[in-house]
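Visitor: Following the hints, position chain B against chain A.
Here the protein sequences line up with chains A and B, keeping their order.
Quick note: the first sequence uses numbering that gives the first Met the number 0, first residue 0, plus one each step.
Quick note: the second sequence uses numbering that gives the first Met the number 0, first residue 0, plus one each step.
Hints in this document: simulated from the structure, not taken from any laboratory.
Glycine included, each C-beta is placed from N, C-alpha and C at the ideal position.
The reader is advised that the hints may include incorrect statements.
What the hints assert, rightly or not - Facing chain B, from chain A, some residues (calculated, C-beta under 8 Å):
#, residue
1, D20
2, Q116
3, Y141
4, S156
5, Q158
6, S162
7, E216
8, A244
9, D245
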Amino acid sequence: MKKSYILFTFILGLAVSSCQDSGWEDDVYTNYTIWNKTLLEHNVISIQELKSKYQGYITGQDMFAEITTDSMLRGTVICTDDGGNLTQQLVLQDGTKQNPGFIIIGVNMNALYNYIQPGQEILFSLKGAFIGGYGQNGQLGYPTKNAKERERIGRMSQQDFWSRVKFLGTPDPSRIDTLDFDAVKNLNKDQWAGCIVRVRGTITTVNPEHMVLASPEDADDGNGVTNTIHLQGGGTLAVRTSTYADFASYPIKPDHVYTIYGVLSRYVDDWQLGIRTMSDIVE
Amino acid sequence: MRKKHQLLVLTFLAAPLCYAQTETDTTVVSKLEEEIHQESSSFVLSESQLGQDDDQTVNIIQVGSANNVYTSNIGYQWSPVRFKFRAYDSRYNDVYMNGVLVNNIENGRFNYSTIGGMNDATRNQDAASPFEDNSFSIANMGGSNNYDFRASLMPAGHKVTVSGANRNYTLRGIYTYGTGLTDKGWAFFGTIGYRWANMQTAAVRGTFYNSLAYFLSVQKVFNDKHSLNLATWGNPTERAQQGASTDEAYWLANDRQYNPYWGYQNGKMRSSRVVNNFEPTALLTWDFKINDKMKLTTSLIGKYVKYSATRLQYNDSQNPAPDYWKNFPSAQYDVWDVADVETGDEGNRRNWDYAVDAWQESYDYWTRSEANRQIDFDRLYAANRTNNALGKDAAYFITARHNDHLNFRLGSTFDYSITKNLKWRVGVQLGTNKGMHYQTIDDMMGAKYLSNVNNYAIGTYLPGSDETYYNLYDKLYTSPHRLTEGDCFAYDYSITVRDAKAWTSISWDKGIGHYFASAKIGGTDMWRVGYMNNGICRNYVDENGHEVKFSYGKSKKANFLDGGAKLGATFNLSKGHGITLGAGFETRAPFASTAFVSPEMNNNFVKNLYNEKITTAELGYRLNNNWLQLNVTGYYSRTFDGTEWQNFYFDDVNSFTYVSLTDVSKSYYGVEVGAKFKITSSFDITAMGTWSDNQYNHDSKCVYTISTYGTEGHDICRNKGMRESGTPLSVYSLALNYRINRWYLSLIGNYYDRIYLSYSPCLRYGQALRSLNPEDEYGIPYITTDPVTGLQVTNDRAIPEQSRGNGGFMLDASIGKQITVAHHPMSINLTLTNILNNRSICTGGYEQSRSNYSTNKNGTQGNERIYDFQKNPKKFYAQGFNFMLNINYRF
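Same shape as in the complex, but just chain A (with noise of 0.2 Å):
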């Protein structure tokens, strides 16, 4: 009977001491980082030299180049993909608030806005990257032909965008300027397209029986619907949102004035608005 006892407890042992699926603590793994810490500052240029310098692929149709030369950005990213309305792509700007330059980097990753921050400093490694033009906008990408076969730049991997950025410090919204849209639309788009604008006026949908942002009825080929809205000021701007945004059921009031905040972006030679979060709708 002893030995019965011995088997017993020799076995009930062993069964109580090795739970397997716990012990998982949360804060030990902060020195985990998603983005490449062996990255070393060096060639850094500027958003408008490199746009400069492949301006003729931005602005023509379908077109990109590979970047050859061993150079980096250094600037601030000022929009992610929260809220829907970019797809996987961010914004990031450098340069001063009175000189600064605005490009896209398209990443292959869903909710780019859970790794970073719109406020975030970061070094951008070109060297391999692709750039050319959406819509005119100058982006950082990897070719692609859409199902239409048309060739354009499109989104790199994630692990190619994530292997060429380093952070810089902690996110800093201050640094992101918000401009009046009277300020910036009649100076040069190519510059200028990227940066985050306030505008005011009402809004107008694109189907009067439709009285929201995106009304999936209402999506273009891009699933998107384009709306108007009319400056106090004087004239018009195009409000562009994705039926997928977080926000695409949003209420629109007939004439009244809101105040909205976004990325003004070209669409080929005039501008466009994109609202990132709700909170970019004030009303």
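Guide: Only chain B this time, still in chain A's reference frame:
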């Protein structure tokens, strides 16, 4: 009276004592053989639940009728590929314990893993094939088993078992002790076992196994009429699951057991899918021998099931699965449609040099290190830290899906031997089950905030709107970001089912025939109670001013009356020849697990919910002589008005979807052959084979709910001709068995073929086919115009064929020996499975439920993707060479 008592005690005593002391070489070896068989089949049976929540239906039927060479061997020989008897779902197999039915009332299935690790307690069982009359039931379409847990029937003495294996667990230890029936009328039997593997030792990387099993049974024989037995058991188990993946992933990982469910966290392996299961059970049995001809057996069973399965969730963020389709090289370059210089086929015109480079980059990433093809937990924590800084909800967290049950059942059987050749049995089964289904936050993964909000609905509805709340009362009474670990998330409801069944069976012998006739009748009712007022399906007040409990509160009650009858006969012809035949018809109430359209959201029952009708027939021939035991059986079964249900994440619409199929009709038919040739007294050859088929007889009606809208869609599912999945439909095997000097040797070759994967209904919705208009192999689209009438007609050849997996040959062997150590028997057996290391045999899997086109938010077809989902079903493969060494010692 006292004398009678002593005689009875002596009778009970005889069995275990004989078992322990009067063994001949022959009985020793046959017992050893039986032990090997049971060890092997029970091993797989207890493992069979490993993938039960993975969109594949791994369910096992154990049919062990000893009178049939085929049914008595399939559990052991074909279990490595999860063979399902006649491809039936396990809800067509009834399991009893001391005469009380123990299948889960809610889904109809018995979970064999709940008796894993207590093999010594489950050896006494009475198995009945579909047309075998028996003492405890009317056998179900897939047969019935009755485990006998009476302590007095368990072997007396001590037994220690130690096992080692390179399978899902590595080590196992079992200690068993039984007293037999003492002269005071008491019997005690107990067994305790432990099975273990960690992530370093388990055969499948990223899994572990941690299971304690106990079983205690005590019996008091009061006199020659009355006996009471109380048995209790349970096996608290913690185990990590293996996930199916695509052939591309297996190729990239160079491992057919690649498991996408685990990853590294701070350098340590962690599984995202951990199952915790504990079902403490108590069974009280009263045996009442009324007289020599009448016997009443009554059992009451009660159990509380605690089951939870974790899952890594993502919230408004990137799918963290390492084998998410966008991560594959073939999402960059269409490997299925490459240019061919010889034929002039230019292939997919999106394939260009940059796509080749992207493919290579992705390939290099997958193959560079193991960590790259597993979950990167550190990265997910990093995302949550970012969201903490922004005051946003967790991007990633782990939930536990709970399926708890409180179950009681009473089973009583009256057995009357009217004459020597005429027996009558009548029984009742009463049951009630409350299934509690809810999801909790298991690990916030470093996140500070999480709201009980349906993020998939955001976009369709504004953030903060009523529709986005999983429970509207959260919005009314609590602040945002309120959830912490242990809190309920997304759904919380219970389903109560009650059933009452009565059955009777009469059997008689006349001339060369043995006949039986049986019938049953039963009633079932069921209802749901919701504990969350789901924002999309919230309660409302109708035009008459009455509150409609759409999601919160008690649903209406559904009632069903079912019944059936079965007839069978066996004719013993001369010279060992015999013929068996049987036929039956029954109606079965739908199971609660399929009766609700979207139970996680609302109270709605499926429309067109009827009793399933089942007809089944069987004809068998047997021959039994000195050198040959042969069984040949043909069967045909047909079901009508069935209901099936499944839920899955439907990427096309970025939403969970719940799909109910009704008006399901299937046919099952096939032939089974088992032959045992006795070559010498110590050598025999067993040959077995089956060819079977089963198909949906016609298309089914379907109702689906998309969780981001809450509305029901109705359609036709073009599933005519689809087959049951996860089991080979053709199997052929040959076994050589040799027994000498307490040695047992066997060599078994099995060939498995025609293995289908679980089809995806949503790829075959009528509307989806019309919208995508796929082409058949000749390039003719699904929608064509009849040249004569000019009307639009459908081309059924363009409906996607059901995906299949590879079969193949598997060689297995067993060797066993019994020796004596310190005057006590010790047996050693070694089971070698898949000796030729054939890793290409598919054991199951499922088609991915999404199309090759993106879907626009307005429901129209978007762009074609490079990645081809139809060519990338998710599969499981049989393990390569594996073994189990088993040593047991009785004293």
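Visitor: Check the structure against each numbered hint from earlier and tell me which ones fail, lowest number first.
Guide: 6
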